[in-house]
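Number of protein chains: 2
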Amino acid sequence: MNKLLIVGTVAFDAIETPFGKTDKILGGAGTYIGLSASHFNLESAIVSVVGDDFPQEYLDLLTDRNIDISGLEIVKGGKTFFWSGLYHNDLNSRDTLATELNVLADFQPKVPQKFKTADVVMLGNLHPLVQISVLDQMDVKPKLVVLDTMNFWMDCALPELMEVIKRVDVITINDEEARQLSGEYSLVKAAAKIHAMGPEYVVIKKGEHGALLFHDHKIFFAPALPLEEVFDPTGAGDTFAGGFAGYITQSENISFENMKNAIIYGSNLASFCVERFGTERMVHLEKDEVIARLQQFKSLTQFDIEI
Amino acid sequence: MNKLLIVGTVAFDAIETPFGKTDKILGGAGTYIGLSASHFNLESAIVSVVGDDFPQEYLDLLTDRNIDISGLEIVKGGKTFFWSGLYHNDLNSRDTLATELNVLADFQPKVPQKFKTADVVMLGNLHPLVQISVLDQMDVKPKLVVLDTMNFWMDCALPELMEVIKRVDVITINDEEARQLSGEYSLVKAAAKIHAMGPEYVVIKKGEHGALLFHDHKIFFAPALPLEEVFDPTGAGDTFAGGFAGYITQSENISFENMKNAIIYGSNLASFCVERFGTERMVHLEKDEVIARLQQFKSLTQFDIEI
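Chains A and B, in that order, give the protein sequences. If you read the first sequence in this note's numbering, its first letter stands for residue 515, the second for the next number, and so on. If you read the second sequence in this note's numbering, its first letter stands for residue 515, the second for the next number, and so on.
Hints are supplied without guarantee of correctness; some may be wrong.
You can't tell identical chains apart in this list, so a pair holds if it fits in one copy or across any two.
Calculated lysine to aspartate or glutamate pairs in the DMTMM-like style (CA-CA distance at most 20 Å, straight line) [unchecked claim]:
#: 1; residue 1: Lys680; residue 2: Asp669
#: 2; residue 1: Lys655; residue 2: Glu766
#: 3; residue 1: Lys707; residue 2: Glu742
#: 4; residue 1: Lys720; residue 2: Asp604
#: 5; residue 1: Lys720; residue 2: Asp689
#: 6; residue 1: Lys732; residue 2: Glu742
#: 7; residue 1: Lys703; residue 2: Asp604
#: 8; residue 1: Lys538; residue 2: Glu571
#: 9; residue 1: Lys628; residue 2: Glu766
#: 10; residue 1: Lys707; residue 2: Glu743
#: 11; residue 1: Lys720; residue 2: Glu743
Note that these hints are calculated values from the structure, not bench results.
All chains should be modelled from the sequences, with the hints used to inform the complete structure.
Pasting the structure below:
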């Protein structure tokens, strides 16, 4: 089985949306990526850090899905990273109410020996220096390195971010972040500039408006599935990235044609994520539900015009 | 050849975008619909009204494309409808600077005898009573009636608008207007409510984010083509509607499967419209350009996952 190495936060989230509000629940980019990638036939590991306030039940939830957590450091007496956010009425914007780095402040990632030869590395949203450290620990060059990041690092650690961007094959980023990073409003132009920074493949996530994959002069688009109700967008971007990386890992094929399928899988899995609070939907998601929804993606997008 | 009857404004527009500004140029929903539909193998007519300030050159431009203008009334001593708009930096919002109804204020549409048996009727954005009058003049029930409208009529003539909505097969409307008309934020729920108002098919236009076709419990999505530059969005929605109606008229097939192709054609033609000011691009658009871009739409959206 191919190996996927994931680095990203494992955290507590407290979320408020127009539909309700949660106490501290399981969250974090690494968690969402791991749960999403667990739908594929692969071996995965999460490199991250939590405090000893992190419940065994959440650790079990990860290991139950065959996610290796030997690289998930548990800091004695430490407190787990905590994020709290409030979504506005349209769910397209949110305010961050609290960010407590806690054990994340001094995090030094340690890649488990077995995963130093991972086929695919998924660098979830974290400080660029942590992402670079993970790449430096690899024994062999991975077939594919995927980077997810956010505007926060563009504001606070741009030189380090540019270093990691240089070293990855795929970057996933949202539309506003792509505009910020490139200084271009047109996403076609933005992707071209980001491509010149290093990544051969640029994936621009547009939330409810889908995702674009750019490579060379080729473009592919995956819509978001139109849903009756979106309950909580938290983790949708990470779930998308996890589906993308998981599918590529399983299929061992890094062609543009296969990446099309990967972003459809990413969109598919993300469409479940937003249906419940936090990880609730992902934790109970069954394989046949994913397959049925793939069929919906086909019906949604496939047409037959003779040219 | 099948017949398409178009009703909609034929007008002067003055447009300002971040890229420049025009004097009074050719515009109007009927004009854009007619130019777009002229790319198909059909007979079309525009029912509208202008003043005698409307240049012969513009009339010739329509007749050169085999558009019947015997239903385009020219009011002696009258002034042509004039609209002026200023687009903001992102081109997604605009301010209306001037709306001079002029001859449109007392417009009584007259459908040419030959088009009282049209196969398809495209009711472009106009007062709902004008749209109803056109339907009332038909000698035989058209195979398909398509309605385009806007928020202005929801604000000022809602009862009359509801009357015309009841009588059409397809409504095309933008996302904000769908939300206003239905009172639902989710476009899936909005489409269901609008469907219950009469139209069997609901098309929701999302501008640069593409268009959704709803029918029964089925959904199809056509993306907008990602472009390096959007120059002027004026007329894109009408061009989309004209491509949709034109393709349906030519193909004589009002199945859901065929409507998928129709909204791809609509998106295709609209993607050209925004590349230049006003009708400039549409006036010089060649058949082989449209075909080449269809191939781009295929590459953009078609994938091959075995399920």
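Going down the list of hints, with the structure as the test:
1. Lys680 / Asp669: Result: close within a single copy only, 18 Å intra versus 53 Å inter.
2. Lys655 / Glu766: within (15 Å within a copy, 57 Å between copies)
3. Lys707 / Glu742: between (36 Å within a copy, 12 Å between copies)
4. Lys720 / Asp604: both (15 Å within a copy, 16 Å between copies)
5. Lys720 / Asp689: Both: 6 Å inside a chain and 16 Å across chains, each within 20 Å.
6. Lys732 / Glu742: between (32 Å within a copy, 13 Å between copies)
7. Lys703 / Asp604: between (28 Å within a copy, 14 Å between copies)
8. Lys538 / Glu571: within (14 Å within a copy, 69 Å between copies)
9. Lys628 / Glu766: within (18 Å within a copy, 62 Å between copies)
10. Lys707 / Glu743: So Lys707 and Glu743 pass the 20 Å test across copies only (15 Å; inside, 35 Å).
11. Lys720 / Glu743: both (18 Å within a copy, 18 Å between copies)
The structure shown violates none of the earlier numbered hints.
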